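There are 2 protein chains.
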Amino acid sequence: MAGRQHSGVHRLAVVGVGLMGGSLALAARSRAGVEEVVGYDPDVSALNEAFESGVITEKAGSAAEAAAYADLVVVAAPVRSIPELVEECAAAEPRPRLITDLGSTKAAIVEGLSPLARSIFIGGHPMSGGASSGARFARADLFDGTTYFLCTSGGAYPKLYEMLQTFVTEIGARPTHIDAEVHDRMMAAVSHLPHVMANILMEYAGNFEAGGRKAIHWAGPSFKDLTRIAGANPPMWRDIFLENREALAAAVASVSSGLDDFRRYLESADQAEIEKEISSAAALRKELLEHEDIAVATLYKVTARISDKPGELSRVMVALGDASINVEDLTLHHVSRSQGGDLVMYVDGEEVADKTRALLTSLGFATVVDFSGEALG
Amino acid sequence: MAGRQHSGVHRLAVVGVGLMGGSLALAARSRAGVEEVVGYDPDVSALNEAFESGVITEKAGSAAEAAAYADLVVVAAPVRSIPELVEECAAAEPRPRLITDLGSTKAAIVEGLSPLARSIFIGGHPMSGGASSGARFARADLFDGTTYFLCTSGGAYPKLYEMLQTFVTEIGARPTHIDAEVHDRMMAAVSHLPHVMANILMEYAGNFEAGGRKAIHWAGPSFKDLTRIAGANPPMWRDIFLENREALAAAVASVSSGLDDFRRYLESADQAEIEKEISSAAALRKELLEHEDIAVATLYKVTARISDKPGELSRVMVALGDASINVEDLTLHHVSRSQGGDLVMYVDGEEVADKTRALLTSLGFATVVDFSGEALG
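Same order as they appear, the protein sequences are chains A and B. For the first sequence, the working numbering assigns the number 1 to the initial residue and increments by one for each residue that follows. For the second sequence, the working numbering assigns the number 1 to the initial residue and increments by one for each residue that follows.
Please keep in mind that the hints were generated in silico from the structure rather than gathered at the bench. Don't take each hint at face value.
Chain B side only, calculated, beta carbon under 10 Å to chain A, not exhaustive [said to hold, decoys possible]: (1) Ser30; (2) Asp43; (3) Val44; (4) Glu87; (5) Asp179; (6) Phe223; (7) Ala253; (8) Val255; (9) Ser257; (10) Leu259; (11) Glu287; (12) His291.
Predicted model, so just to flag it, every value in this text is computed and none were measured. Yeah, the Cβ is synthetic: ideal placement off N, Cα and C, and Gly gets one too.
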């Protein structure tokens, strides 16, 4: 890893050695120069399997035992158990440097922590996963190119943020700073709400019979697309829904009211409103597809010279996050202690590149923009 | 086609030469022994293209001109224009023998017809289609293995039903008799409602912003699955929604009320109800997938000897449809005028096969069941 800043994570603790925790352990060792990975799991056979298959290098008898001495503790457990596990890890002696999690919701976790835990906790949420569970499905490349949300709302020291951010970059993901509450509201809209709608549709159509026939026996590809995620992991999703219940209830209420409006258009045979509704969805879907196309078509490379002072990388990332600039990829080429390093970022489109340059220049960093001329691999 | 009953369709009229009408014309000529296909389309360039590419063998200047003399007229037009076109075709001189359509809704079409049109109209709805439109995408195999609903509610003579049913079998589809209103209510549940939900979700999430960020920029695979059909063909879907507005409004109301219940469970943090909702969706989705697996795994062959009297095939199919027996495939091997023919049907699973045999035996047909031992190709 010559020429790159190292995160400083030498000893990693993974609390919960399933698909996510196991993949993170593999990626940390093969890509981020982590030497020791100590694992803990309340399921002893899962823990033994992770150790025997080489996913972790040490076994611990408790979360606290795993966390002691660690540079970074990753709590990879169901969302509702996270706060308690974080507290337990934060109270370990010798205290770990930094604790993060992989939960799909963030605000409730951060809010529930003690001041001690908050000072060494930064929330994380990689937007990757898999249909299978268990360490035996773990893969070092699970996070490749994935948006990896980081929520600093807990009040951890900036240097810790920088450590986590570098680590996330090293394992192949794209760190994106976000406010915990904003994160949860966005996840409610694009992830949790679709799960709720899939469940409700499955339940309605699955129980629908007419003339002695079951409607789902004639389900076509559209119905299957909409219900592919219906009934996904009930205990896990129950907890995600509960943890994010405020934002999710607002999303559900809004969709329900949209359906009520649409029902009224049907009842009054309002052609214009019905067509407007479909056309509006068509325009938004076009926008979604175009955003995806842009992501691979017109990447610009923005290079900023930053000093080696603590918190500099963090300052840049927080500023970019707050300005809603989505960095597609990021690497730090370490030049020298006196000169600092080159932070290389890829962003979508010329406009965003110019905005990034202007922002970084205003923060005092020498910044240049190049057209990358190629899609990221 | 030796050994098979021929539908008796020699001259076919196709009103509307798009993807569906064009595919039906191709399948009719290559598989159903149809010699002449006369086409009409209000779009002259579409009509010329269909003629020049050999999809149709003759061009007509109006729907009535196409329909005159035809054994079978297929109205392949947007749902709301179907009743008027059917009337025009029914009034053609010399009168066509039978008129059918390919519309996604059935009850409103049948209800709106004059007694004359009703006497020679049978509604049809093949559950196939494509993302592309236009005769240049037409394919003779578009209907292969497709459930093809036939609605007799219009009051056409039984012999006409039998002609259409044989024709549908010849082009490769699986005729399924269904009541028009039952058809529409089922399509509301498994097809029209999913479209409405996809549109509403796209509109909600597409407009959702928090902390200056657009939620859809973080849309993952689940969101994309649920919105793949959002915004589909606005004028076409507006008409389908309007034609089926009563059944669809009931479906939308039910889902909206399901969402309201779920919102209340969230607001009161009701763990048990939330998990029950997900588990119930999981069980129904399992049922859906199992139904699909069965369809290819355990087909049984049911052979019934039926006489060559008019209406016999129709009697069998109506009885099977009314008993909710879904015939996966059907062929009629014509033995002789005095002895009748062997009607060979494939059905899902031993239980259904036994039910089919019992039903056909009770109708007076000598019937045998074999395990087919293989999936249909």
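So, going through the hints one by one against the coordinates:
1. Ser30: 25 Å, violated
2. Asp43: Violated. Min distance 21 Å.
3. Val44: 26 Å, violated
4. Glu87: Violated, because the Cβ-Cβ distance from Glu87 (chain B) to chain A comes to roughly 21 Å (cut-off 10 Å).
5. Asp179: Given a least distance of 5 Å, the restraint on Asp179 (chain B) holds.
6. Phe223: 5 Å, holds
7. Ala253: 5 Å, holds
8. Val255: 5 Å, holds
9. Ser257: Holds, about 8 Å.
10. Leu259: 4 Å, holds
11. Glu287: Hint holds; Glu287 (chain B) Cβ to chain A Cβ min 7 Å, cut 10 Å.
12. His291: At 6 Å from the nearest chain A Cβ, His291 (chain B) passes the 10 Å test, so the hint holds.
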